[in-house]
Amino acid sequence: MGYKDELVRSMEWLAAKDNTIFIGQSVKYSGNAIFNTLKTVSNDKKIEVPVSEELQMGLSTGLALEGYVPITCYPRFDFLILACNQLVNHLDKIDYMSKGMMKPRIIIRTSIGAKKPLDGGIQHTQDHTEAFRHLLTDINVVLLNEPNEIFPAFELAYEREDAQSTLIIEWGDYYNEK
Amino acid sequence: MKIPDYLNKVRQIKITKKDLITFEEEVKKYYEDAKIKAPVHLSKGNEKEIIEIFQYVHPGDWVFSSWRNHYHALLHDLDPELLMEDIIDGRSMSTNSIDPKFYSSSIVAGIIPIAVGAAYSLKMKKSERRVWCFIGDMTFETGIFYESYKYVKNFNLPLQFVVEDNDLSTNTPTAKTWGGIKREVPDDVIYYSYERGYPHHGTGNWVLF
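If you're matching them up, the sequences are chains A and B in order.
Under the numbering used here, the first residue of the first sequence carries the number 2, and numbering increases by one thereafter.
Under the numbering used here, the first residue of the second sequence carries the number 84, and numbering increases by one thereafter.
This is chain A alone, in the form it adopts within the complex (with noise of 0.2 Å):
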């Protein structure tokens, strides 16, 4: 399967989970590429949230300390910047803060924003993983380079015996490519 392939049978996988849910920008109207592997998700499995990445993020956590398995995602690397607050000093930080009661697990989408055939400029194609990998203690930081990372990547997310929560980060050129 290629990479998109790969990407839409790992959202049904995880779709088909009691505890799952789908959150961010397009996850349920058109607009950016990972709203294209959402596509066979059922709407009542997804919250669409205005354009308020720290909201999103700190909702997340929240639906995470109750239970749920949010997906949540960033169409691009460039807007998760904007959660970084949350991301970092909250999410990444809470089991330690909690002495290990609080274990929201959260699986992070963003994606590496494509520049062919079109390029989106320099505000919307940043690669920030190796910036994340340093600034984030406890989240893993996962690059999907192959379609055979995808599903295995996704698995361990909403499995890993830890609970950690996984920021999972996609090329947007791959959809294509891949």
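The reader is advised that the hints may include incorrect statements.
[As the list claims (entries may be wrong)] Derived SDA-like pairs (lysine to any residue); straight-line CA-CA distance at most 25 Å:
(1) Lys209/B <-> Val42/A
(2) Lys233/B <-> Asn86/A
(3) Lys209/B <-> Ile48/A
(4) Lys104/A <-> Val191/B
(5) Lys94/A <-> Asp182/B
(6) Lys104/A <-> His141/B
(7) Lys233/B <-> Asn90/A
(8) Lys46/A <-> Asp19/A
(9) Lys236/B <-> Asn44/A
(10) Lys104/A <-> His284/B
(11) Lys94/A <-> His284/B
(12) Lys104/A <-> Ser189/B
(13) Lys208/B <-> Tyr159/A
(14) Lys206/B <-> Met102/A
(15) Lys104/A <-> Glu164/B
(16) Lys100/A <-> Lys209/B
(17) Lys94/A <-> Met167/B
(18) Lys94/A <-> Leu165/B
(19) Lys100/A <-> Ala121/B
(20) Lys233/B <-> Asp45/A
(21) Lys29/A <-> Met207/B
(22) Lys100/A <-> Asn239/B
(23) Lys46/A <-> Asn288/B
(24) Lys46/A <-> Asn239/B
Since the hints were derived computationally from the structure, they do not count as laboratory data.
Given the structure of chain A, go ahead and fit chain B onto it with the hints provided.
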């Protein structure tokens, strides 16, 4: 202070004003004896209001608080001895518990979006429980509060905001730094003002660590 009509008293508070003050005085002593190697943010001056509010907080509700959280934690039935151990261990600014449900953070306004998520979850589960989010006057003026309040109100989420106004953020006067402009408090937000009885952090006395 006005309590919205839709709230009912659900809890008998056994902790007294004196209990709260005594707890903080004990923290003060540990701090001044250099037993606590981290900042402490002590409460004083708002005992009457906070005791009244917690009569409306169900033991099963979520409570979100800030770096100044000892009173909220005690009134939400966190074990005083464990709380004191945490404080001595340097965790005063992030007291947390899963039973009872209590989350606090030392990042201004950081608790608000998480509280929104917890409330969203309770609504999806059709729970009768509620989320309480205690914030200060500077947090009340932040953009993330505006976003979150709008979201909570429009989706009718079970989240009750409480603004505890001492007109200071650390030692920065909130009203002055916003040009003196303060908006009206919505009817569904509980608001009270008080004079801070301790400095922003520490006790006001010199401590040699």
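Hint by hint, here is what the structure shows:
no., hint, verdict
1, Lys209/B <-> Val42/A, "holds (23 Å)"
2, Lys233/B <-> Asn86/A, "holds (20 Å)"
3, Lys209/B <-> Ile48/A, "holds (17 Å)"
4, Lys104/A <-> Val191/B, "holds (22 Å)"
5, Lys94/A <-> Asp182/B, "holds (19 Å)"
6, Lys104/A <-> His141/B, "holds (23 Å)"
7, Lys233/B <-> Asn90/A, "holds (23 Å)"
8, Lys46/A <-> Asp19/A, "holds (9 Å)"
9, Lys236/B <-> Asn44/A, "holds (23 Å)"
10, Lys104/A <-> His284/B, "violated (29 Å)"
11, Lys94/A <-> His284/B, "holds (22 Å)"
12, Lys104/A <-> Ser189/B, "holds (19 Å)"
13, Lys208/B <-> Tyr159/A, "holds (21 Å)"
14, Lys206/B <-> Met102/A, "holds (23 Å)"
15, Lys104/A <-> Glu164/B, "holds (24 Å)"
16, Lys100/A <-> Lys209/B, "violated (29 Å)"
17, Lys94/A <-> Met167/B, "holds (21 Å)"
18, Lys94/A <-> Leu165/B, "holds (21 Å)"
19, Lys100/A <-> Ala121/B, "holds (17 Å)"
20, Lys233/B <-> Asp45/A, "holds (23 Å)"
21, Lys29/A <-> Met207/B, "holds (18 Å)"
22, Lys100/A <-> Asn239/B, "violated (32 Å)"
23, Lys46/A <-> Asn288/B, "violated (55 Å)"
24, Lys46/A <-> Asn239/B, "holds (19 Å)"
Of the numbered hints listed earlier, those contradicted by the structure are 10, 16, 22, 23.
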